[in-house]
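Student: These are the residues of each chain, in order.
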Amino acid sequence: MIPPAFEYLRPKTLREAVSMLQQHGDDAKILSGGQSLIPMMKLRLARPSHLIDINRVTGLSYIKEDGGFLKIGGLTRESELESSDLIRKKYPLLMDTATVIADPQVRNMATVGGNLAHGDPANDHPATMMALGAQIVATGAKGERVILIDDFFVTLFTTALQHDEILTEIRVPVPPPKSSGAYFKLERKVGDFATAAVAVQLTLDAGGAVQNIGIALTNAGATPIRAKAAEDALRGKKPDAALIAQAAQLAMDAAQPSADLRGPVEYKKGLVKEFTKRALARALERVGK
Amino acid sequence: MAKKELIQVKVNGKDREVAADSRLLLVHFIREQLGFTGTHVGCDTSNCGACTVILNGKSVKSCTVFAVQADGGEIMTVEGLPSNGSLHPLQEGFKEEHGLQCGFCTPGMLMSSYALLQKNPKPSEGEIRWGISGNLCRCTGYQNIVKAVQFASKKMAQGETK
Numbered sequence: 001m002i003p004p005a006f007e008y009l010r011p012k013t014l015r016e017a018v019s020m021l022q023q024h025g026d027d028a029k030i031l032s033g034g035q036s037l038i039p040m041m042k043l044r045l046a047r048p049s050h051l052i053d054i055n056r057v058t059g060l061s062y063i064k065e066d067g068g069f070l071k072i073g074g075l076t077r078e079s080e081l082e083s084s085d086l087i088r089k090k091y092p093l094l095m096d097t098a099t100v101i102a103d104p105q106v107r108n109m110a111t112v113g114g115n116l117a118h119g120d121p122a123n124d125h126p127a128t129m130m131a132l133g134a135q136i137v138a139t140g141a142k143g144e145r146v147i148l149i150d151d152f153f154v155t156l157f158t159t160a161l162q163h164d165e166i167l168t169e170i171r172v173p174v175p176p177p178k179s180s181g182a183y184f185k186l187e188r189k190v191g192d193f194a195t196a197a198v199a200v201q202l203t204l205d206a207g208g209a210v211q212n213i214g215i216a217l218t219n220a221g222a223t224p225i226r227a228k229a230a231e232d233a234l235r236g237k238k239p240d241a242a243l244i245a246q247a248a249q250l251a252m253d254a255a256q257p258s259a260d261l262r263g264p265v266e267y268k269k270g271l272v273k274e275f276t277k278r279a280l281a282r283a284l285e286r287v288g289k
Numbered sequence: 001m002a003k004k005e006l007i008q009v010k011v012n013g014k015d016r017e018v019a020a021d022s023r024l025l026l027v028h029f030i031r032e033q034l035g036f037t038g039t040h041v042g043c044d045t046s047n048c049g050a051c052t053v054i055l056n057g058k059s060v061k062s063c064t065v066f067a068v069q070a071d072g073g074e075i076m077t078v079e080g081l082p083s084n085g086s087l088h089p090l091q092e093g094f095k096e097e098h099g100l101q102c103g104f105c106t107p108g109m110l111m112s113s114y115a116l117l118q119k120n121p122k123p124s125e126g127e128i129r130w131g132i133s134g135n136l137c138r139c140t141g142y143q144n145i146v147k148a149v150q151f152a153s154k155k156m157a158q159g160e161t162k
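Here the protein sequences come in this chain order: U and F.
Note that our numbering has the first sequence beginning at 1, numbered continuously upward.
Note that our numbering has the second sequence beginning at 1, numbered continuously upward.
Calculated from the structure, these hints are not laboratory results.
There could be a bad hint or two in this list.
Chain U stretches covered by chain F per the calculated footprint, using a threshold of three residues with CB under 8 Å from any CB of chain F [what the hints assert, rightly or not]:
1) 28-39
2) 160-169
Derived DSS-like pairs (lysine-lysine); straight-line CA-CA distance at most 30 Å [stated by the list, open to error]:
3) K12(U) x K122(F)
4) K4(F) x K90(U)
5) K58(F) x K90(U)
6) K89(U) x K238(U)
7) K189(U) x K119(F)
8) K89(U) x K10(F)
9) K10(F) x K42(U)
10) K71(U) x K58(F)
11) K119(F) x K71(U)
12) K10(F) x K12(U)
13) K122(F) x K189(U)
14) K122(F) x K42(U)
15) K58(F) x K10(F)
Heads up, the beta-carbon is just placed ideally off N, CA and C, and yes, glycines get one too.
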């Protein structure tokens with residue numbers, strides 16, 4: 001399949017990229033990893049008049065802890081997350097997620113920033129970043145601003161990014177002790193989008209009660225869904241099997257999946273319930289270690 | 001007429017310079033402009049991996065990359081695997097272990113396996129299967145592909161440097 005013609009721009013700096021976005025209006029798109037955008041262009045579902053390739057802009061690819069946050073540059077490749085010792089040791093939810101994004105070749109190109117900025121609720125990072133309580137740093141003509149993850153996803157393929165803004169950094173609060181998380185995803189084959197997936201991140205207090213909890217759902221609606229009622233049911237309580245089952249039910253109630261080739265609505269909702277249970281159990285098991 | 005972009009790229013060790021439309025996909029650039037038809041267009045939707053090549057040291061699906069993105073970089077295709085007229089241990093492995101039937105997925109399998117062995121010269125069976133998880137084969141059921149990669153890993157450990 002051949003994409004429609006476009007003008008190709010290759011800025012050397014972030015400022016240049018932002019000014020190109022300003023100049024060319026709503027029809028310009030950023031080319032980051034391209035692993036979501038290029039397939040859409042090949043199907044002619046996306047027809048940007050200008051493609052701004054930011055892959056040569058330096059300083060946008062990093063994984064580091066700084067000032068109480070894990071900071072990930074927008075251009076960081078999924079394969080870099082996958083091979084990061086820091087992520088493996090301290091951010092198991094992120095590691096679980098990175099390993100089930102697409103396949104090895106796609107992960108070599110795909111970027112964390114792109115996975116979020118594309119605004120596809122079927123991508124894996126949106127729910128994970130929601131569960132982690134992340135912040136998005138957007139850089140535009142007026143400089144940098146921070147967008148809380150709960151405000152970031154507006155609707156299908158639409159985020160809070162203004163058309164002259166580039167997602168340059170993702171910030172995840174460094175988890176306190178007795179924290180962990182997990183991501184469970186069902187896919188028909190390696191590389192597929194989720195039939196359903198659940199991200200959980202939690203912190204226990206000294207007594208073993210849930211101090212902080214984030215539960216979010218992938219591909220269960222037009223945006224990633226925060227299972228607030230499930231979170232509220234767990235907060236402040238010691239998570240036993242009955243409570244976990246209750247939370248799983250509440251998470252299922254929050255899911256609004258569409259029926260498609262991956263399965264009917266009831267099946268997908270059932271997966272949400274089961275995966276919430278498993279993700280909570282795995283997160284607690286990991287905290288225990 | 002669309003404006004042409006000049007693409008300067010090293011391909012299988014040789015410098016090439018070709019003008020192309022910005023929308024030209026890397027897989028078509030490789031096959032048609034550069035003449036390396038070993039890289040195949042399979043699904044054209046970044047699922048099957050038949051289009052896998054090594055771009056700047058990393059395996060990528062060339063149907064989901066624009067040729068212009070390779071400008072200034074380096075590509076290795078399946079044609080670049082042999083050296084001095086001899087088959088690469090991976091190619092030998094696919095031959096010895098019957099790792100192909102129709103051969104359509106094979107160049108992609110070879111390139112993904114090449115990338116895997118670069119990173120992990122002695123992969124377990126599970127790691128091999130994970131390493132080729134971006135490549136589909138409709139013929140073999142994968143087990144002889146796995147054996148082919150194990151063959152290559154063993155052979156390369158015995159002294160091949162590539």
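Student: State for each hint whether it applies.
Tutor: Right, here's what the structure says about each hint:
1. 28-39: This one holds; 5 residues, not fewer than the three required, reach chain F with a Cβ under 8 Å.
2. 160-169: Violated, because only 0 residues of the segment 160-169 of chain U bring their Cβ atoms closer than 8 Å to Cβ atoms of chain F.
3. K12(U) x K122(F): Violated. K12(U) to K122(F) sits at ~39 Å, over the 30 Å cutoff.
4. K4(F) x K90(U): 47 Å, violated
5. K58(F) x K90(U): Judged against 30 Å, a Cα distance of about 26 Å means the pair holds.
6. K89(U) x K238(U): Measuring from Cα to Cα gives roughly 25 Å; hence the hint holds.
7. K189(U) x K119(F): Roughly 24 Å between the alpha carbons, so the hint for K189(U) and K119(F) holds.
8. K89(U) x K10(F): Since the Cα atoms of K89(U) and K10(F) sit roughly 38 Å apart, the hinted pair is violated (cutoff 30 Å).
9. K10(F) x K42(U): Cα-Cα ~26 Å, so holds.
10. K71(U) x K58(F): Holds, because 24 Å separates the two Cα atoms, which is no more than 30 Å.
11. K119(F) x K71(U): 26 Å, holds
12. K10(F) x K12(U): Holds, at roughly 22 Å.
13. K122(F) x K189(U): Roughly 25 Å between the alpha carbons, so the hint for K122(F) and K189(U) holds.
14. K122(F) x K42(U): 37 Å, violated
15. K58(F) x K10(F): 14 Å, holds
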